[in-house]
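Please model the entire structure based on the sequences and the hints provided.
Here the protein sequences line up with chains G and R, keeping their order.
Just so we're aligned, residue 4 is where the first sequence starts under the working numbering, counting upward by one.
Just so we're aligned, residue 991 is where the second sequence starts under the working numbering, counting upward by one.
Mixed in with the good hints, there may be bad ones.
[Said to hold, decoys possible] One side only, chain R facing chain G, incomplete, derived with CB under 8 Å:
(1) 1216
(2) 1241
(3) 1242
(4) 1243
(5) 1250
(6) 1252
(7) 1253
(8) 1261
[To be verified] Each pair of labels, with its calculated beta carbon distance range:
(9) 1255/R x 310/G: 41 to 51 Å
(10) 1036/R x 138/G: 43 to 53 Å
(11) 80/G x 1049/R: 28 to 38 Å
(12) 1029/R x 233/G: 53 to 63 Å
(13) 182/G x 1255/R: 27 to 37 Å
(14) 79/G x 1015/R: 39 to 49 Å
Keep in mind that the hints were calculated from the coordinates and are not lab data.
Note that beta-carbon positions come from the ideal geometry of N, C-alpha and C, so glycine has one too.
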Amino acid sequence: MLRYLLGRIAGLVATLVVASFIVFGALYLVPGDPASNLLSGMKVTPELVASVREQYHLNDPFFVRYWDWVMGLLHGDFGQSLHFRQDVAGLILSRLPTTMLLVLMAGLLIVIGGLAVGAFAAFRPGIVDRLTLSSTAIVAAIPMFVSALVLIYAFSSGLGWFPAFGNGSGFWDRVYHLILPAIALAIAYMALVARVTRSSMRAELRSEHVFVARGRGITGERLFFRHVLRNALPPVFTLAGVVVAGLLVSSQIVEVAFGLSGIGSLLVQSVQTDDFPVVQAITMIVVFAFVITNLVIDLLLPLVDPRMRRKEVTR
Amino acid sequence: MSAVGAIDASYVRPDTRRRSPLYLSCLIFLGLVVLVAIVAPYVTPYDPNTVDLLAINAPPGTAGHLLGTDQNGRDLLSRLMLGSRTALLGPLIVTVVASALGIVAGAVAGSAGGWVDAVLSRIIDFLFAFPGLLLAVFAVALFGPGLLAPALALSIAYTPLGARLVRTLVIRESSKDYVRATRILGFSGTVTFGRHVLPNIAPVILSQSLLGFAYAVVDLAAISYLGLGIQPPSADWGLMISEGQSSVISGAIWPVFWPALMIVLVVACVNYVGEHIVDRFERG
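Here you go:
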């Protein structure tokens, strides 16, 4: 187990090193001088170029700069934003709570809604199951910005139940402002989780051990929780890495649609204003979130399913 | 990847004995969209960029505008027709590049084995850490907004899915007797792969490519919705939705409704056709 854990952590570090190298080096792959790339869209004077060269240590060799940047990241120093003229770290920290709350609310919706719908369909073959399958297929095909606009049209400008714009102030007001965005963010993933849950549970329900359990007279909740749910969870679990990274990335769309100021809308704004240090920082954060989630999932799986423990030993 | 396999297996099975009417209507619809995309510049009823401030947000059917007009009084039907060009061209680039890269990488990894396979598989695993939309936005930050940069970035992001599938299929197919027999007869690896292995796994790859096409339609539309793709005043479905958003809040849905409907229909149809192909292949 320890060897497996160390191997996984080494793999994670390797992924992050390569990713950071690409994210940092990309600016130098693009044709043109990095200083003028950083300054694109601004009035360029020789003094400004010189000061940017100085500020970003562009006169140092590439690997020295890369090393400094990585060391900075590890100490929480993400550099200086070109557009906002402030610390990237501070900028991101001020925007992070909104995005985290949004992703958390969407995550809850996905887990609860996805599992419930999937289980409901799995236990009711026939018309209910068929309807669930076709409706989730359609829902999964709707782009996020379309569902955002439908929600705004129906519940905001139509019924007037929810605000269509802004973060809100104070915790509960913010939760209230984030309800529609969270639904827009969650709905496609909810459909995906529901489909995976349904097919995974369907496979369990057909298995011999459930047949035997039924033969012993076990029904209802006990059958569902003890025999079906627990065995059906691992495939759903493995989706989590993709879903978490997907939520962080897709929050751009929802934040722009609902005019929220989180890190997603910050990323879009930074791309539009050529604020490359911010783009680099947010990209690294998303990649980091993805690999960490996957590691946690892989470590949790053996707890959910003891059969997985044996597989690791033989790896 | 068992999860992804599970999704595919759980779809409603179309009746493959008879040609299902839904499959045929999807094919006809997609054919029409492609046809419109090709001839659009010659047949649009209005100039797509002519502003008519006297007819802003006109509902469908008003004064010769079959689908209505947008917030600048531009004809929605004309813009929708022209918008289909970029809406299909971008995903086409993504699908072709990603499939080509995926087939080559998967075939090499699957047939070479050993350290080549190990290295390629590592690279494939690594690429999974970059979600498509993130890579596309990153490419826009580097190369500026447009169609090509995000499309190529998405191609790279979509490559691992295809590569992994092709690798598995090649390994499974190569262990079959007929492939071994061809090798024993003295045919080279390339000939065996091109003439025997590839045709046998082609339907599954085609189906995966169609799925990639559908994802690319959504992701590229999102990029242009965010203002990072095709730039105004060009007509593009994603862009039309973002430009029409302010009208939605004031109650005029048509400028957003039509492009949204087209995206959803194209994505749903491409997905359905893809499933149908793999289904027919599996049933023989």
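> Which of the numbered hints are not met once you compare them with the structure shown?
Replying inline: The structure conflicts with hints 3, 6, 10, 11, 14, although it agrees with all the remaining ones.
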